[in-house]
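Enquirer: Here is how the chains run, residue by residue.
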Amino acid sequence: MLLAIERLNVRFGGLHAVRDFHLQVPRGNLVGLIGPNGAGKTTVFNLITGVYRPESGDIRLEGESLVGLLPSQIVSRGVARTFQTIRLFKDLTVLDNVRIAHYQRAGYSVWSAFLRAVNVQRRERAITEQSMALLEVFGLAGAALEPARSLAYGAQRKLEIARALATSPKLLLLDEPAAGMNPAEVVQLADLIQDLRERFAVTILLIEHQMKMVMSICERITVLDFGQVIAEGTPEEVRTNPRVLEAYLGRGVTLA
Amino acid sequence: MVAAGFGAAWAIPRYQLINPYYELILMYVGINIMLTVSLNLVNGYMGEFAVGHAGFMAVGAYVSSILTMRVIPWDQAGMWFPLALIGGGLGAGIVALLVAIPSFRTRGDYLALVTLALNMIVKSVIENIDAIGGPRGFLVMLRLTNLPWVYVWVVATLWIIRNFIYSNAGRGVLAIREDEVAAELVGVRTREIKIQAFILSAFFAGVAGGLYAHLLQFVHPRNFDIIKSTEILIMVYLGGIGSMMGSILGASIFTVLLEALRFLGVWRMALAPLLLVLLMVLRPTGIMGLKEWRALIPVDERWRLGRLRAQKEGAAGAARH
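Protein sequences appear in the order of chains A and B.
The opening position of the first sequence corresponds to residue 1 in my numbering, with each subsequent residue numbered one higher.
The opening position of the second sequence corresponds to residue 257 in my numbering, with each subsequent residue numbered one higher.
Next up, chain A with everything else stripped away, as it sits in the complex:
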């Protein structure tokens, strides 16, 4: 099991945002995390990545607990993420957005950086080449020297994924990558996600509202409502689960 979450709880004031949450993500899988708005999906991501600290419960990556670590330490353990609302370094170039994410693997000290020693120059060249190769995969290499803010919306979403992959994660958390995309772009994105998963041998946990996409690409799905897991299983099991239908649409309706 790559990621194992047990009995996770967090409260914000009176709101019990995540209640006894549990999740198992096997290595190599693509797991969906769905639920109505405000169900606590992004909060789960924030707990995994160390932005919030859980009140109780445990989050283990390859058997080692992530609870209490700084976000940057969790990145070095192999977890990367994107954001629901795009959080690129907007005034920096597309290339620098990806180069920054090599931070943990720069391989030289700040002292050699002061002198711009030969090893610094060599590593910088390697980092730039790796970043360009990554941008190539996303079709963004041509815009490498443009500021990130100048990219179209869909391209910005892609850049966020590229930046996350630049940390060479074992587990990639995607927070609504299809938000704001048109249907054609969503189809492309679904292909891209499946492609990335093989190319980078990365396990993916996906939050998404685009049901069609989630149902078609995920192996397993966990459904969250009011901070609690209300269903889990294969897309087929989840699709027909009455509690899921109720959470999404109210009683007595069937999901396409």
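Simulated from the structure, these hints should not be mistaken for laboratory data.
Virtual Cβ for every residue (Gly too), placed ideally from N, Cα, C.
A few of these clues could be false.
To be verified - Beta-carbon label-pair distances, calculated as ranges:
(1) A:G63 / B:N384: 51 to 59 Å
(2) A:G142 / B:V522: 52 to 60 Å
(3) A:P147 / B:Y366: 46 to 54 Å
Please build the complex by placing chain B on the supplied structure of chain A, with the hints as guidance.
Expert: Leaving out everything else, chain B in the frame of chain A:
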């Protein structure tokens, strides 16, 4: 070009090529460039707001002066002068570390308050230590600062800060300015980077303070008050945040202007705030505004980016044919 500059810096005092008064102003310009570039690292590149740079300058001025006056034998002071300056820089760096540890737990205005307080504390601590003259000031008998030394230190400051900015750590600094949470979540150890940048900034302010003390030959707590800190802030924002060329321009223009307007007497002091207001209204990004002069970018990086640009243009050209 750097060597030619040194040649000039060496020849000017040696052969008295220019009026000693202009030579003095050149040295002030150099010292102010060091102060401005170092503050720009924290305020411009990193996007924090530190306002007490003169405090670090004071620590450097007094530590290096004590070293040359009390520790190092008189006849050898000239030889050990660079080490005394580094000592002053390290003193400022240690103070910066003490300030940084609590201040960088939270973000935003907190650092402004802490650095403001630090500036005042440093000043009143000096005023209350009688052994270094207290409020009467401290006489530095040796005029060890000269134009070649100022030049060497300006180049060293620019070179080291530039190398830092165009390294892994420097990208971390820029990421913190852009979005600190996102920076941490792509693996940047933000706290560590903030402390590193802050210490580096204070170090060069300390060295600049040492040069200033051994030029003036008399240091006084009032030399390092909030007004001095404000002047450094103005030079940073006049030249433009996040640009070393901007800081060089900002420091040069402001220093020369302040001297040129000496005939205005006390009214001269109204210039600085007025300039700041005009700047905010007319050109909030300063003269350079995040742009950099190509020559200040490390050669290997400049070459790499140039090749990427050429590749792209080549591809665009090929697509047209």
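Enquirer: Each hint: holds or not?
Expert: We went through each hint and held it up to the structure:
no., hint, verdict
1, A:G63 / B:N384: 51 to 59 Å, "holds (58 Å)"
2, A:G142 / B:V522: 52 to 60 Å, "holds (58 Å)"
3, A:P147 / B:Y366: 46 to 54 Å, "violated (30 Å)"
The structure fails to meet hint 3 from the earlier list, while all remaining hints are met.
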